[in-house]
Amino acid sequence: MQKKVIFRGTLLPIALLAPQLVVTVVFFFWPAGQAVYQSMLREDAFGLSSEFVGLENFREVLADPSWVHAALNTLVFSGCVAGLALGLALFLAVQADKSLRGATVYRSLLIWPYAVAPAVAAVLWLFLFQPQIGLIGRGLNAIGIPWDYRLNGTHAMILVIVAAAWKQLAYNFIFFLAGLQSIPASVLEAAAIDGARPARRFWTIIFPLLSPTTFFLLVVNLTYAFFETFGVIHALTGGGPAKATETLIYKVYIDGVENLNLGSSSAQSVILMVLVVLLTAFQFRAVEKKVHY
Amino acid sequence: MEAPPLIRDDALLRATRRRRLVSRVVAHAALILGVLIVAFPIWMTLVGSTHDSGTIGRGEVPLLPGTHAVENYATAWGKGGGVMRTTPASLMLWNSLLMAVLIAVGKIAISILSAYAVVFFRFPGRMAAFWAIFITLMLPVEVRIIPTFQVIVDLNLGNTWAGLVIPLIASATATLLFRQFFLTIPDEFVEAAKIDGAGPLRFLKDVVLPLSLTNIAALFVILFIYGWNQYLWPLLIINDRSMETIVVGLSKMIGRGDSQNDWNTIMATAVLALLPPVLVVALMQRWFVRGLTETEK
Amino acid sequence: MRRRSLAAGALALASLSAPFSARAQQPVEIQFWHGLSQPAGGLLEKIATDFNASQAQYRVVPTFRGSYPETAVAAIAAFRAGTAPHIVQMFEVGTGTMMSAGRAIKPLHEIIAETGVAIDTRDFIGPVAGYYSTADGKMMALPFNSSTAITFYNKDMFQRAGLDVNSFPATWEGVEQAARKLKAAGIECPMTTSWPSWLMVEELLAIHDVPLASKANGFEGLDTQLNLTNPLLVRHLTNLVNWQKEGLFRYGGRDSTADPMFPAGQCAISFASSGLRGRIEREAQFKWGAAMLPFYEGTRPRNSIIGGAAFWVMQRGPNTQRSPQELRGVAEFFRYATSPAVMAQWHQDTGYVPVTRAAYEASKAAGFYGRNPGADVPIEQMLRGGDPTPNSRGIRLGGFIEIRNIVQEEMERAFQGQATPEQALQSANTRGNQVLGNFERANSRAN
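Protein chains in written order, with our numbering: chain A, 51 to 343; chain B, 2 to 298; chain C, 445 to 891.
To be clear, the hints were calculated from the coordinates, so they are not data collected in a lab.
Check each hint, because a few of them may be wrong.
[Unchecked claim] Keeping only pairs whose Cα atoms sit at most 25 Å apart, straight-line, the calculated DMTMM-like set for lysine to aspartate or glutamate is:
no.: 1; chain 1: C; residue 1: 490; chain 2: C; residue 2: 564
no.: 2; chain 1: A; residue 1: 53; chain 2: B; residue 2: 192
no.: 3; chain 1: C; residue 1: 625; chain 2: C; residue 2: 600
no.: 4; chain 1: C; residue 1: 582; chain 2: C; residue 2: 884
no.: 5; chain 1: C; residue 1: 599; chain 2: B; residue 2: 241
no.: 6; chain 1: C; residue 1: 599; chain 2: C; residue 2: 820
no.: 7; chain 1: A; residue 1: 54; chain 2: B; residue 2: 188
no.: 8; chain 1: A; residue 1: 53; chain 2: B; residue 2: 188
no.: 9; chain 1: C; residue 1: 731; chain 2: B; residue 2: 155
no.: 10; chain 1: C; residue 1: 582; chain 2: C; residue 2: 667
no.: 11; chain 1: A; residue 1: 53; chain 2: B; residue 2: 207
no.: 12; chain 1: A; residue 1: 293; chain 2: C; residue 2: 514
no.: 13; chain 1: C; residue 1: 582; chain 2: C; residue 2: 564
no.: 14; chain 1: A; residue 1: 293; chain 2: C; residue 2: 741
no.: 15; chain 1: C; residue 1: 808; chain 2: C; residue 2: 793
no.: 16; chain 1: C; residue 1: 731; chain 2: C; residue 2: 824
no.: 17; chain 1: C; residue 1: 689; chain 2: A; residue 2: 198
no.: 18; chain 1: C; residue 1: 490; chain 2: B; residue 2: 72
no.: 19; chain 1: A; residue 1: 293; chain 2: A; residue 2: 110
no.: 20; chain 1: C; residue 1: 625; chain 2: C; residue 2: 608
no.: 21; chain 1: A; residue 1: 54; chain 2: B; residue 2: 61
no.: 22; chain 1: C; residue 1: 582; chain 2: C; residue 2: 608
no.: 23; chain 1: C; residue 1: 627; chain 2: A; residue 2: 198
no.: 24; chain 1: C; residue 1: 731; chain 2: B; residue 2: 61
no.: 25; chain 1: C; residue 1: 731; chain 2: C; residue 2: 632
no.: 26; chain 1: A; residue 1: 53; chain 2: B; residue 2: 189
no.: 27; chain 1: C; residue 1: 490; chain 2: B; residue 2: 241
no.: 28; chain 1: C; residue 1: 627; chain 2: C; residue 2: 514
no.: 29; chain 1: A; residue 1: 53; chain 2: B; residue 2: 197
no.: 30; chain 1: C; residue 1: 627; chain 2: C; residue 2: 608
no.: 31; chain 1: C; residue 1: 627; chain 2: B; residue 2: 61
no.: 32; chain 1: A; residue 1: 148; chain 2: A; residue 2: 239
no.: 33; chain 1: A; residue 1: 54; chain 2: B; residue 2: 207
no.: 34; chain 1: A; residue 1: 293; chain 2: C; residue 2: 866
no.: 35; chain 1: C; residue 1: 659; chain 2: C; residue 2: 866
no.: 36; chain 1: A; residue 1: 54; chain 2: B; residue 2: 192
no.: 37; chain 1: C; residue 1: 627; chain 2: C; residue 2: 617
no.: 38; chain 1: A; residue 1: 54; chain 2: B; residue 2: 189
no.: 39; chain 1: B; residue 1: 195; chain 2: B; residue 2: 207
What you are looking at is a predicted structure, and each value in this text was computed from that prediction instead of being measured.
Just chain A, with the same shape it has in the complex (with noise of 0.2 Å):
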């Protein structure tokens, strides 16, 4: 996707570009390095000892049946997580938008959650969907759903992808909302004098003139998916039962951060990463040039 009218030089640019790039390369290429490098060893954790391996951490890690597992795992938690969150956060977005009374308390009401600290948020989570003395969990299993997140590994791939979209919601919602402000108001008008039902006045007009909003939000989604979850699972399910809620990224932080296997854990999010960039160079090149600037 390029702009037609440009304006020239090169000192200027790259001028403007120079605080991002140095940031860029000092703060990541850089340490990024070091991990490509660390792939390639088998180290123990003060870095005391450590054996130049080659390619040996990523044969052993992709012959591993349990990273086959979690990219499984990875594919239907992603899949459901940016689902969920950007088809909710689209429709709430929308009715917010409407000119409706109290719209400003609502949308605070649905931005703020976003603002509670994921340590106490995870701990709610727990409190409510905990089988036993949890207010969710208990009442689940009053009305005859055998709740246990604990052992039903299905439950507890339910309640990460609540959890996770939960949070990228509000996220998404508000540029959802900001999206749908900048459409000027002669446009929606126009549309809504052509009496077209509003369903499809929605999809025919209002979509696509937000489809830069969406194309930004599907990539942060699915890479917040990927990538930042860790967190929210560590907190409520460990991965676990057996290895039902085990993604990549979280097994590249617990290799890395608890299991201390530095090698393996580099290896991994390399990887990971070369999987991400190629899915992401796919989302350019087949999901933009359907999108509507």
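Chain A is already provided as a structure; the job is to place chains B and C on it using the hints.
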């Protein structure tokens, strides 16, 4: 184009009215349900902060406020929840505020500049630069924490605000958002600017920034909260008590395993920790509500 | 106006964070990183503050570094960057990792020998000292906050089921009978357990004097193999799975997630860390009792092993050693922290086990156990059965954090019915041995 006909007949008018009414009812119902789902945890935190510790610990999550509000908040504010807390909540709130503002402003500033360069110019290495920035989206600090920490120490930035803030500024989300938005700015605007003889920097200041206000406001809210809720990085990088943030202080109160948690104080502190971000949301909201009132431009 | 105060604030903070200038008569600073949340963390920091007030030569600076795993990563990252703290608090599962850390740590026995500060390591309670000692009895770290696992039971529920409220069955056979009666009395959760791997595997084996791993549970070398498929463990896991099917036992989740089920009055019997006591005291609205962990009939029960954490002394970085003065400061702080009065107070305030006999005696003399019946169950259980055997001394496995998770995962598979108890334990054994093998390979050249 023909002017739209005025109301053609009463039936249509009534149908439109009915449709509007239905749409409004649906909207209210959906929003109330949404708020119930989304804001419920906040309500729980609020309610939890007004009960005694045992009630919450037992899991008897009450739905209505209790009677211990005053003492819980007094403890949270004054003693910070612990027997021997030494960093007062006020200082931690200030530290968090500073960190969150620096991160949000820093991210927005460098992202606008780089997105502007990528969208409005064509120069060698443009896409390479964009991708280089974009990839940083892919790996949160937590996962590359040991090498990143080493870089900070090598640069002598350990235990400093610079070391705390700068690595967190490098993120692609904001750049991507601005790129997406800049692409929607019509080409005619650029042409008009060129005809007027305005240079790229003037165009940025006079046209692009004002147009981006809604997005900047939305992004500021998001990034402020992102910065506010940072946990693992400040925990690792800061040695100095006087730089401790409220979220770290809060986590200090939530123990796993053997610990007895003072849930009431934790909830009260959580509410205190929630106030500044909520204030930011409330203040910033004016900016993105503005779009609604000023759409005729 | 606002901008100015912002700048002033930033300036003030910047000056605060400037490196400490080495002035004359400045006390030697001892960085101390810990992983205890409130309120225990506050009490721990108070001990450091009191120590600082008691003398002028050294100043201990305690800093909270998150949960134990987070504290461990922070210390390791700092060590690799050459900025490690003097003292780091490390949880018991990290012991194997620290023991194999070679020149990253400074062993306690060397510090005592070099500084001559009198810390009486023989006064430490057997299983506590043993956990942190080499196979030939040299203490590597200073145990400080130790707990063990015990039984808590709901006396009101026992009464309802017609059971004797003042004596908890000593054996698993007795517990099974009691659970049946509890269930018959309409109690939905007769028993549960926290920390499935620690309690139902590690403690069980120690109490029955059965090895968890070869080479004396790993004390005698890194080339150790797990022994998870032994008949006792198969029998116990089979029992648990059957009890779960029968409705006598409820699986409460990994690590400490089952903790709230007892104080909430859901479960009649709960096997948990002795540290849960404080929470039960505060939250439970029923009469309850504490008892030792059960054993199977026909065994002579040994001591239980410990949980909790110890203080490790670290070198500054791979190539920087501590000065004698710094080590002396560390040793003085250690002596202060484990002195009878301080340790007894810590024990009474927090519910952690008194790690020295002197502190135990001091608490006894002060009438603490008279006022708090059952508070001596943990320590009595740790002194049970005489001196610890090689199987009850402790566990010294590399990668133990990961192994514990593997054991919990496989136990979950057994509880889910996805695997038989034998299959689950076999799989845990194989996967755990792989971790041990990798750890041996990565660490064998460090020493």
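Looking back at the numbered hints, which does the structure fail to meet, lowest number first?
-> Numbers 5, 9, 14, 21, 22 and 28, in rising order.
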